[in-house]
Amino acid sequence: MSLAPLDAATLYGLMGAILVGLGLHGVVILSGFLRRLLAFNLLGGGVFILFGVIARRGAGAGFSGDPVPQALVITGIVVAFCATALAITLIEWLAEDDGDDASGGGS
Amino acid sequence: MIALVLDGGIALLTIGIAAWTIRAADDFAAVVGFVAYGLILTLAWTRLGAYDVALTEAAIGGGATGVILMRAGARVKPAPVARPSKRARILVGALSAAVAAGLSAIVLLPPQPAPSLALEVRQHLASTGLGNPIGGVLMAYRAADTFLETVVVLLALFGVWSLGRDAHWGGRAGPAPRPGEGGALPLFARVLVPAGIVIGIYIVWVGADAPGGKFQGATILAAMAILAGMAGRYPPGRSSLSASALPAFRSPAPSSPIRPASRSR
Amino acid sequence: MSVLLGLFSAVSIVAGIVFFVAGTVGLLRFPDALTRLHALTKADNLGLGLIVLGLLPYSGSLGAALKLVVIWALVQFAGATVAQMIGALAAGEHPPFRGRRRR
Numbered sequence: 042m043s044l045a046p047l048d049a050a051t052l053y054g055l056m057g058a059i060l061v062g063l064g065l066h067g068v069v070i071l072s073g074f075l076r077r078l079l080a081f082n083l084l085g086g087g088v089f090i091l092f093g094v095i096a097r098r099g100a101g102a103g104f105s106g107d108p109v110p111q112a113l114v115i116t117g118i119v120v121a122f123c124a125t126a127l128a129i130t131l132i133e134w135l136a137e138d139d140g141d142d143a144s145g146g147g148s
Numbered sequence: 016m017i018a019l020v021l022d023g024g025i026a027l028l029t030i031g032i033a034a035w036t037i038r039a040a041d042d043f044a045a046v047v048g049f050v051a052y053g054l055i056l057t058l059a060w061t062r063l064g065a066y067d068v069a070l071t072e073a074a075i076g077g078g079a080t081g082v083i084l085m086r087a088g089a090r091v092k093p094a095p096v097a098r099p100s101k102r103a104r105i106l107v108g109a110l111s112a113a114v115a116a117g118l119s120a121i122v123l124l125p126p127q128p129a130p131s132l133a134l135e136v137r138q139h140l141a142s143t144g145l146g147n148p149i150g151g152v153l154m155a156y157r158a159a160d161t162f163l164e165t166v167v168v169l170l171a172l173f174g175v176w177s178l179g180r181d182a183h184w185g186g187r188a189g190p191a192p193r194p195g196e197g198g199a200l201p202l203f204a205r206v207l208v209p210a211g212i213v214i215g216i217y218i219v220w221v222g223a224d225a226p227g228g229k230f231q232g233a234t235i236l237a238a239m240a241i242l243a244g245m246a247g248r249y250p251p252g253r254s255s256l257s258a259s260a261l262p263a264f265r266s267p268a269p270s271s272p273i274r275p276a277s278r279s280r
Numbered sequence: 525m526s527v528l529l530g531l532f533s534a535v536s537i538v539a540g541i542v543f544f545v546a547g548t549v550g551l552l553r554f555p556d557a558l559t560r561l562h563a564l565t566k567a568d569n570l571g572l573g574l575i576v577l578g579l580l581p582y583s584g585s586l587g588a589a590l591k592l593v594v595i596w597a598l599v600q601f602a603g604a605t606v607a608q609m610i611g612a613l614a615a616g617e618h619p620p621f622r623g624r625r626r627r
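Protein chains in written order, with the numbering used here: chain G, 42 to 148; chain U, 16 to 280; chain F, 525 to 627.
Do not rely on the hints blindly, as some may be mistaken.
[Said to hold, decoys possible] Label pairs and their computed distance ranges (CB to CB):
1. F:Val538 to U:Ala112: 36 to 42 Å
2. U:Ala141 to F:Val549: 49 to 55 Å
3. F:Leu552 to G:Glu137: 54 to 60 Å
4. U:Leu54 to F:Leu552: 17 to 23 Å
5. U:Ala223 to F:Val545: 22 to 28 Å
FYI, nobody ran anything at the bench for these hints, they're computed from the structure.
The beta-carbon is built from N, C-alpha and C at its ideal position, and this holds for glycine as well.
Bound-form chain G, shown alone (with noise of 0.2 Å):
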């Protein structure tokens, strides 16, 4: 295996993987469970990103990039959406039983 050039797919890739470890900091570290999803947010964005380096490097055909892992993107991006959506629902049924408040007994 030899080193990958250094060019704008390189980049991104470890930008997205720093992202990951962040999001995974913050998902273990911080408290309260709002605060928690969006560390959680910021994971997925690094994940895709790394789908999406995956996707420039398989470019070819005439195409910028490879349209299968750009697709799957697409699709993760609705279902973060929506998984988002039902864990703010979550959030807000939890912080009713516990009194408005979303602690979520911190970590």
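Place chains U and F on chain G using the hints.
Leaving out everything else, chains U and F in the frame of chain G:
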């Protein structure tokens, strides 16, 4: 060379915004940081040559998710900050760094030649009748994925309908303008909603041959419905989705940076 | 001719960036919400207009050029509306769009 500097700048900016969002002081600031993160990510997607994904990220990832998060931030009191122990923070930091390092190794040592299905997509694209390869993948090659994605959206809708508080449905958000009154928001809705509907339908239609598609266009249509509901242009119904999906305009976020004049003077 | 167009585009886009930087400096340095709104809306709208102007020679077709101008108009409209609403809230009027403004 310049392009590389630009890409490096965008990457650093995204990481900076993500770090700021995690360490933000309050919920409102964190949500604002997240919306900014979504928009900068759109730039990254454009630089990666994925224009359909950039549209989706801007509309759904940045816009729609930011809206519902802001509403949640207004409805839920901020949690008391519980600082975990130093040992826990170091442990989690090491774990996250290890995950990031592993993924970076995968990025830096790619398989040669790069795996790709672009050739197969190109071969059969003509028979699908579409010009946009991503539309071809979503509608033809992996139509089952798209169908199940619609099922997921419906399941989320049922979940929100079933679990949402009754008090959050129906009624209007924000103070009601008296009939016949003007104002910035009703004017905005009067002018923008018709244009927005046309733009949304156009993006759905043009997705067959150029970047666009049904998810992006549908998000624009949903935004127009929300705008119309916010401006009171149509009465919210008993189970009106728009009334409940409205951002927190009825009550300012508890930690909103905008303070009324009486307090700032 | 194309050199002149390139020069015009470069000057226009750089001027637009300068205005954006000025607006951001205003956002960071001004004391309260109303002055920050002023800096943001004025400078950012003009900055975006200059950038769109600089991109027009490279848009490729009349339709694309028109779309760029429509984008600028929409951003102006949205920015003006949001600035009005935030400004009314910050100035202490509740609700912002009910009735005549108190002078």
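(request) Find the hints from earlier in the document that the structure breaks and name them by number, from lowest to highest. (result) Going through the list in order, the structure violates hints 3, 5 and respects the others.
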